[in-house]
Each structure stands twice: as C-alpha cells, then as structure tokens.
Amino acid sequence: MIRIGIDVGGTNTDAVIMDGTTVIAGVKAGTTADVMTGVVNALQKVLAASGLDASAVDVVMIGTTHFTNAVVQRRDLAQTAAVRLGLPATASLPPMVDWPEDLKQTIGNHGYLAHGGNEFDGRIISPLDEAELLGIAADIKAKGINSIAITSVFSPVSSDFEKQAGEIFAKALPGAHITLSSEIGRIGLLERENAAIMNACLRDLSAHVIEAFRKAITETGIKGRFYLTQNDGTLMDAAFAEKFPVLTFASGPTNSMRGAAFLSGVADAIVVDIGGTTSDVGSLHKGFPRQATVAVEVGGVRTNFRMPDVFSIGLGGGSHVVETDKGITVGPTSVGYRIVTEALIFGGTTLTTSDVIVAAGRAELGDRSKVAHLTADFIARTQDKITSMLEDCVERSRLSPDPLPVIVVGGGSILVDGPIGGLEVIKPNHFAVANAVGAAIAQVSGEVDRVYSLAEIGRDEALNDAKQRATDAAVAAGALRETVAIVDVEDVPLAYLPGNATRVRVKAVGELHVG
Amino acid sequence: MSDKGYLLKEDDLLPLSIGAALLGTGGGGNPYVGMLRARELIRQGAQVRVLPLDALPDDAWIGECGGIGAPVVGVEKIEEGRECYRAIRAVEDVSGVRLSALISAEIGGSNALEPVIAAAYAGLPVIDGDGMGRAFPEVQMTTFFIYGAKAAPAAIADDKGNVVVFKEVIDMFWLETFARGVSVNMGAAAGLAIAPMRMDFVRRTAVPGTVTQALQIGQTVLDARKKRQNVVERVVAATGGKLFFTGKVTDVRRDLVGGFSRGHAHLSGVGDWAGSEARIAIQNENLVLWVDGVPVIMVPDLIVNLELDTGEPITTEILRYGQRIAVIGLPVHDLMKTPQALDIVGPAAFGYPELTFIPLTSSAA
Chain Y
1 MIRIGIDVGG TNTDAVIMDG TTVIAGVKAG TTADVMTGVV NALQKVLAAS
51 GLDASAVDVV MIGTTHFTNA VVQRRDLAQT AAVRLGLPAT ASLPPMVDWP
101 EDLKQTIGNH GYLAHGGNEF DGRIISPLDE AELLGIAADI KAKGINSIAI
151 TSVFSPVSSD FEKQAGEIFA KALPGAHITL SSEIGRIGLL ERENAAIMNA
201 CLRDLSAHVI EAFRKAITET GIKGRFYLTQ NDGTLMDAAF AEKFPVLTFA
251 SGPTNSMRGA AFLSGVADAI VVDIGGTTSD VGSLHKGFPR QATVAVEVGG
301 VRTNFRMPDV FSIGLGGGSH VVETDKGITV GPTSVGYRIV TEALIFGGTT
351 LTTSDVIVAA GRAELGDRSK VAHLTADFIA RTQDKITSML EDCVERSRLS
401 PDPLPVIVVG GGSILVDGPI GGLEVIKPNH FAVANAVGAA IAQVSGEVDR
451 VYSLAEIGRD EALNDAKQRA TDAAVAAGAL RETVAIVDVE DVPLAYLPGN
501 ATRVRVKAVG ELHVG
Chain W
1 MSDKGYLLKE DDLLPLSIGA ALLGTGGGGN PYVGMLRARE LIRQGAQVRV
51 LPLDALPDDA WIGECGGIGA PVVGVEKIEE GRECYRAIRA VEDVSGVRLS
101 ALISAEIGGS NALEPVIAAA YAGLPVIDGD GMGRAFPEVQ MTTFFIYGAK
151 AAPAAIADDK GNVVVFKEVI DMFWLETFAR GVSVNMGAAA GLAIAPMRMD
201 FVRRTAVPGT VTQALQIGQT VLDARKKRQN VVERVVAATG GKLFFTGKVT
251 DVRRDLVGGF SRGHAHLSGV GDWAGSEARI AIQNENLVLW VDGVPVIMVP
301 DLIVNLELDT GEPITTEILR YGQRIAVIGL PVHDLMKTPQ ALDIVGPAAF
351 GYPELTFIPL TSSAA
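So the protein sequences, as listed, match chains Y and W.
Here this note's numbering is used: position 132 in the first sequence is 132, and no number is missing along the way.
Here this note's numbering is used: position 237 in the second sequence is 237, and no number is missing along the way.
Keep in mind the hints are simulated off the structure, nothing from the lab.
Please note that the accuracy of each hint is not assured.
[To be verified] Listed next, the stretches of chain Y that the computed footprint assigns to chain W, with coverage defined by at least 3 CB atoms under 8 Å from CB atoms of chain W:
| hint | region |
| --- | --- |
| 1 | 90–101 |
| 2 | 118–129 |
| 3 | 183–190 |
| 4 | 485–492 |
By construction, the Cβ of each residue, glycine as well, lies at the ideal position given by its N, Cα and C atoms.
Based on the provided sequences and hints, a complete structural model is requested.
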C-alpha cells in the first residue's frame with residue numbers, strides 16, 4: 001500500500017510517502033496562508049522525490065494544527081451562539097464562564113440559557129420550550145450569527161433534546177452550522193459545552209480548509225481517499241472532519257510522537273518536537289504518547305478530551321534572539337513561516353535561533369556570511385540559553401530517574417547538538433518530517449460506550465461484549481480485522497441506578513485496510 | 001458584625017478548591033464547579049468573611065449545609081445556584097432562629113464551597129472549621145452528630161424550587177436515609193441544611209481551622225508548581241503527612257453496593273517502592289491502604305492520592321490503569337479518633353470489621 005502522510009503546521013507543510021512501513025521520501029514545504037498552495041507544493045515535491053506517479057497513491061492522511069492554532073491565535077473564528085438546555089438547573093454558570101476574556105469576545109460571548117435537559121436517569125428537568133427557542137433563533141438571526149452549539153444537560157444519556165432543538169434551529173436558520181455536544185464529548189457539562197462551542201466557531205474555517213485539502217489532492221492527480229488524523233492518532237474521513245474540526249486538536253503532538261517512535265524504533269522515550277515557533281515535549285510509553293489524566297486546556301479553554309500530556313515552550317527554529325540587560329532571551333516570539341525571508345541568513349533583518357546555529361557552524365543553511373558579525377561570546381551564550389531551555393522541559397516530562405533516551409524530531413532539530421541534561425539524544429532518519437510519518441501510519445479506531453447491567457451479565461462477559469463491538473466498529477470504519485487490538489478499557493459503575501449498572505467504554509484500533 | 005478573620009478574595013478560591021480536593025481523599029466531588037460559582041458571586045460583589053471559632057458569642061446560631069447527590073451528577077447538572085441557600089432559609093423558618101454564620105459539613109471536595117456560596121447569597125460569614133476535616137460519604141459521619149447535634153429540623157432543596165422540610169427525624173441515620181432518597185428523586189443534586197447549632201457547641205465539636213488549612217494546602221501546591229518543585233514533597237512537608245507509597249495503577253475494580261461505589265485499586269511500586277505491591281480500598285473515598293498485604297493507613301485517617309509528577313489530586317472516579325500516583329497519609333483530627341467517633345467512621349463502619357484502627361502519628365509532631 002502506498003500512502004502519503006502530510007502534516008500542516010503553522011510554519012511548514014511536511015509530506016512523506018511510504019510503501020508499507022518503508023519511508024520512500026520525505027519533504028518540507030512552507031505553509032501558505034491559503035493552506036492549499038502549501039499542500040500542493042508538498043505533494044508535488046514528495047511525489048517527485050519518490051519517483052512515483054500520483055496514480056500509485058492509495059490513500060492520503062493529513063494531520064493539521066490549523067484548527068488548534070486558529071483557537072490559540074484567535075483568528076478565523078466565527079461568531080457563535082452557545083445555547084444550553086437545562087433551566088432552571090445550570091443557571092449559576094453561563095456558557096463560556098471560565099474562558100479567557102479575549103477569546104470570549106472574539107466569538108461574541110453569545111450565551112443563551114433555555115429550558116430542557118435530562119436528569120441522570122433520563123427523566124426530564126423541564127420540557128423543551130419551542131417558543132423560547134424560536135425567540136433565541138430570532139435573536140441569533142438578528143445578530144447575523146451562523147454557528148450554533150447546542151448543549152443539553154445529560155445529553156450523553158439522552159440526546160433527544162439536542163436533536164429536537166437542532167431541528168428547530170435548522171428550520172428557523174437555514175444553512176446555519178449546528179453542533180450538538182452529544183456528538184463530541186462525554187459527561188462533564190462545561191467541558192463538553194466548551195468543545196461544542198469551539199467546534200461551532202471553527203465550522204466556517206473547516207469548510208474552507210477541507211475544501212482546500214480536497215482541491216490540492218485532486219490537482220495533484222491523486223485518486224485515493226483522504227483522511228484527517230484526530231487527537232488520539234486515529235483517522236476520520238474528510239466529510240466527518242469537516243463537521244468536527246475540534247477532533248483534530250492535539251493531533252500534531254500525537255503524530256510527531258507516534259512518528260518519532262516509528263522512525264527510531266524506540267518505544268519508551270522522551271520526545272522533543274522542535275518546530276519553527278514552539279517545542280513540544282512529551283513522553284512515549286510503549287510507542288504511544290502518555291495521556292494527560294487531568295483536564296486539558298486548549299487556548300485557555302478547559303476540555304475533557306483525552307490528549308497527550310505535552311508541555312510546550314516558545315523555542316523554535318524561528319524564535320527571536322534578543323540581547324537584554326538581563327542577558328539573552330530566546331522566544332517566545334518567532335518569525336514563524338516567514339523565516340525564509342526574515343531571518344538574517346535568508347537576507348532578512350531579524351536575528352533568529354537558526355541564524356545563531358548557522359553562525360556556530362552547526363548547520364548549512366542560507367548565507368553564512370550574513371551572520372559573520374556575531375561574536376563567539378554571543379553565539380556561546382545563546383547556545384547555552386537554548387540548552388538550558390531544553391533541559392528544563394525535558395526534566396519536566398521525565399517521570400522517573402531512569403535514563404530514557406530523548407528523541408529529537410521536527411524542522412528545528414538543528415538547535416540540538418549532543419545530549420540534553422545528560423540523556424542520550426536520538427535523531428532518527430527523516431527526523432524533520434516525523435509528524436507526517438505519524439500521520440501516514442495512523443490507524444483506524446472503533447469505540448463503544450454502553451451501559452451494562454451487571455446484575456444480568458457478569459463483568460467479564462460485559463467487557464468481552466464491549467470489546468467485540470469495538471472491534472466490529474473499527475472494522476466497519478475501515479480497519480483490517482486481524483490487526484485490530486483493544487487499546488483502552490474503562491468501566492465505571494453508575495451510582496443510584498438499579499441492577500449494578502456500569503458504563504463501559506472500549507476503544508479498538510487497527511491498520512487501515514485499503515483494497 | 002465581627003471584624004475577626006478574613007474576607008475571601010477571588011484569588012483565594014482556586015487554592016481553596018485545590019486544598020479541598022486534596023482533603024477529599026478521593027471523594028467529596030470535584031470542587032471546580034463550586035469554585036467557579038463562588039467566583040461569579042464574588043466578582044458580582046458578594047463578600048464572605050471566614051471567622052475563627054472564637055469570633056461569635058456562645059448563643060449565636062450556626063447553620064450547617066452542603067450538597068447531597070452523586071459526584072458524576074455534580075459535573076453535569078450544574079446547580080441553579082440557590083439550592084443550599086433555600087435549604088438554610090427553610091431551616092430558619094421552621095426552627096424560628098436566625099443564623100449568624102454557616103459551617104461546612106465536610107471540607108473535603110465540593111462541599112467546602114457550598115457554605116461559601118450560600119453565605120454569599122445570605123450575606124453571612126462562614127466558620128473556619130467543618131464537621132469532618134476530610135470527606136465522608138454520609139450525612140451522619142460528622143463530628144457534630146457524633147457529639148450530639150440534633151438532626152431536625154432539616155431541609156433539602158432542588159434546582160426547580162422544591163424544598164422538603166424534615167420537621168422531626170429521630171437521628172442522623174434516618175436523616176441520611178430520607179435525605180438520600182429525596183436527593184435521588186431531585187436528580188441526585190440537591191442542597192441540604194441541618195438543624196441550627198449553638199456556637200458554644202460548634203466551638204467544642206468542629207474540626208478547627210480547616211478552611212484556612214485547605215487554602216494553605218492549595219497555596220502550597222500552586223507555589224510548588226510555579227517554582228517547579230516536587231509538589232508531593234511540598235504537600236507532605238506542609239501538612240505533616242507521610243509518603244506511604246509510590247506506584248503505578250495496575251487495575252481498578254468497582255462494584256456498586258447500596259448505592260455507593262466500592263472497589264479496589266491495585267498498584268505496583270515504583271521508585272523507593274519498586275518491587276512492592278499496594279492495594280487501596282475505595283468507596284466514594286479511599287478507605288484502607290495495604291502495602292505488601294499489611295494495612296498501613298485506614299479510615300478515619302486520610303489517604304490522599306496525588307498524581308506523581310503534577311501533584312494533582314486523583315479522585316476515585318478518575319483512578320485508572322496506568323496512572324502513576326503517590327499515596328500520602330495524613331492523621332485525622334483527634335475528635336475523629338475517640339471511641340464514639342470510630343463507631344461511626346472507623347474501619348468497621350466501612351465494612352472492615354477485621355481491622356483495628358491504628359492511628360497515624362503526625363510526622364510534624
């Protein structure tokens with residue numbers, strides 16, 4: 001099977017082409033403001049480098065931080081109405097109550113509380129009030145808002161109210177993008193609502209970006225299907241991704257860590273992914289990123305997604321280097337993708353980390369004569385600063401005194417030379433495009449989330465049934481049955497329900513079947 | 001009004017909620033929602049003063065209140081807001097006394113914030129103390145009840161405006177039974193207020209200083225994180241507790257017995273405990289810790305699980321395979337260790353009659 005993995009980052013668009021488990025070629029191209037041009041460039045470059053014809057490509061997997069970055073940078077976000085169904089309950093905390101003020105203002109702070117919602121056992125808190133919802137719809141219309149997130153209390157138990165409210169809004173506001181929280185998240189009202197609102201405010205952007213990906217692939221002559229990677233490192237098809245852009249959050253770190261494990265053949269390590277603007281550091285356990293066990297914030301907003309536990313610092317290949325009276329500072333500001341015009345070595349006027357590394361003679365990049373004026377002392381102090389920043393974040397991600405190796409990947413890897421904090425450093429082949437490799441090797445998942453009555457069947461029987469259903473779901477989503485493995489099992493008893501009711505959640509993943 | 005004690009500031013609420021989660025010993029519900037609710041009220045101008053136990057006269061009346069329900073409901077069906085407030089007003093009406101301050105039944109978990117929220121609505125102060133010094137699953141497991149507080153009149157209020165008054169109940173066990181039943185009918189999220197207590201009684205029976213203790217533990221956690229220090233070590237040093245085990249969760253098994261989650265977490269040792277095995281009995285809270293088969297901490301002493309690297313408190317419902325945790329033991333207050341108290345909150349009361357309570361000694365003492 002010939003597959004292409006693409007990673008669209010804030011600075012670079014990377015692409016690899018793989019035949020089975022062999023990397024045939026890997027390239028980097030600059031990310032462009034329109035996304036599409038960068039993807040076309042990367043696809044054409046990687047096809048040329050591999051010598052393969054576009055028609056040989058079976059499948060394209062795309063990982064993108066585009067949607068995460070949009071939220072973090074508060075750009076391209078649509079005005080969004082957050083409608084919550086649950087009154088009189090939940091009145092004490094309006095939607096977006098714990099959001100950063102600037103993000104709240106960017107999407108308009110349009111929160112609405114309405115009647116509806118269920119109790120934990122499915123009883124109704126209060127009936128849906130159609131007139132109330134039509135009043136809200138009229139207000140949404142008057143404000144010219146086109147994105148709506150609907151969150152009903154206990155919708156993971158009963159999603160009827162969200163669906164009914166969704167239909168009422170769809171009728172009153174034709175063409176509106178409507179996100180239902182039950183399609184995205186689990187129990188935990190504020191966190192699920194947050195995810196739904198973020199998804200809704202990204203829908204305009206996702207329609208545009210997915211269309212750009214589609215065009216880029218078609219333009220290159222590739223006939224194969226294309227997928228996007230989600231935060232757990234598994235795949236979703238393009239139509240689904242367009243409706244649920246929020247599910248791509250954190251897919252970047254997941255892909256780079258999975259790629260680092262694949263390329264180095266090391267399953268337990270600390271991974272440092274150095275990009276143009278930031279470095280992401282996380283730890284790898286049995287080839288998978290360690291998951292955060294506590295609520296994860298995205299752009300300052302609390303969510304309950306299962307995400308890799310990654311720590312980021314503002315250090316990358318494009319980070320500004322500035323001499324101040326307190327010594328040298330590196331980052332967090334960066335020239336980002338403009339490095340190819342703004343860094344000194346490329347004829348620009350901004351001193352970056354890459355300039356200093358070239359001046360130190362550690363990399364061949366751009367025009368070294370443009371940095372000949374930097375003194376040996378300045379170069380040495382900047383390198384010391386970079387080293388101490390890296391040591392600091394590696395130390396944070398270390399969970400034990402065991403001497404785990406550090407796998408360094410990403411385009412900014414030239415910043416690292418020698419061990420970090422006494423730990424061995426591995427720079428695998430194709431280190432610069434590890435995240436694209438991670439996307440290319442992404443698997444297909446199937447998930448079940450069911451309530452079993454353990455009074456009727458035993459726990460083992462319930463778990464086996466759930467595992468079987470998850471496996472079938474993975475196969476239905478495109479996985480090869482013989483490769484499917486259970487990766488996650490969670491069973492939590494539900495207090496106060498009769499019959500020893502237990503909620504079982506199982507996830508299975510397998511290799512994508514292309515035939 | 002007394003000018004003793006201190007006014008709670010917006011910046012106190014996050015550390016207070018972190019300390020409360022830690023003192024929840026795995027249960028008590030997540031205080032995040034309560035923290036946000038209190039923050040909204042203080043941002044809108046509410047003032048809540050924390051009074052030491054010696055601030056009010058003997059004949060002042062103190063109200064005890066807290067949320068009653070299921071933790072999983074608490075993070076999903078967020079309160080209308082005035083549940084506890086309506087319950088304390090109902091208790092005042094029925095008993096014919098005016099309350100001078102509120103006190104928490106349990107400082108551990110979400111109930112640390114409920115009296116603060118009700119006090120913000122009522123314009124009352126809160127007392128620096130509580131009825132447990134930790135979290136326990138049932139209404140009768142407070143020092144107030146153990147040392148003779150009356151159960152009635154009590155009141156329970158829901159999000160919709162329903163208020164049920166228990167005019168007479170013969171003891172707290174009956175109140176627990178009735179209130180639990182009503183709370184489930186109310187959607188497993190309700191506010192409960194118990195009979196007013198005189199200040200001289202509260203002074204004698206409350207676990208003292210626990211609001212400030214929770215606040216200071218939270219400040220220690222935040223300070224350690226800010227300075228990138230080892231949170232677990234800082235917490236141990238600040239609380240007079242002792243580190244009993246570090247390990248990785250290898251299995252969590254749960255069942256429901258009588259409406260409460262019961263189960264065991266199995267841990268495989270790491271670091272200084274490599275090669276050892278531990279087991280933690282969990283109900284809503286952590287009940288007993290065995291290391292290599294020997295019981296080393298048991299209720300009513302506090303068994304606190306913190307995530308090893310971040311120091312984040314791990315509640316029993318988020319305990320899962322693969323987590324790396326530190327298990328800390330904290331000695332409970334002496335009021336919880338008398339023979340009367342152990343009848344209600346000792347190992348036998350939680351289904352471990354074969355265990356004889358061996359108290360932890362404070363490493364700070």
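The hints, checked one at a time:
no. : hint    : result
1   : 90–101  : holds (count 6)
2   : 118–129 : holds (count 5)
3   : 183–190 : holds (count 4)
4   : 485–492 : holds (count 4)
Hint check: no violations occur; every hint is consistent with the structure.
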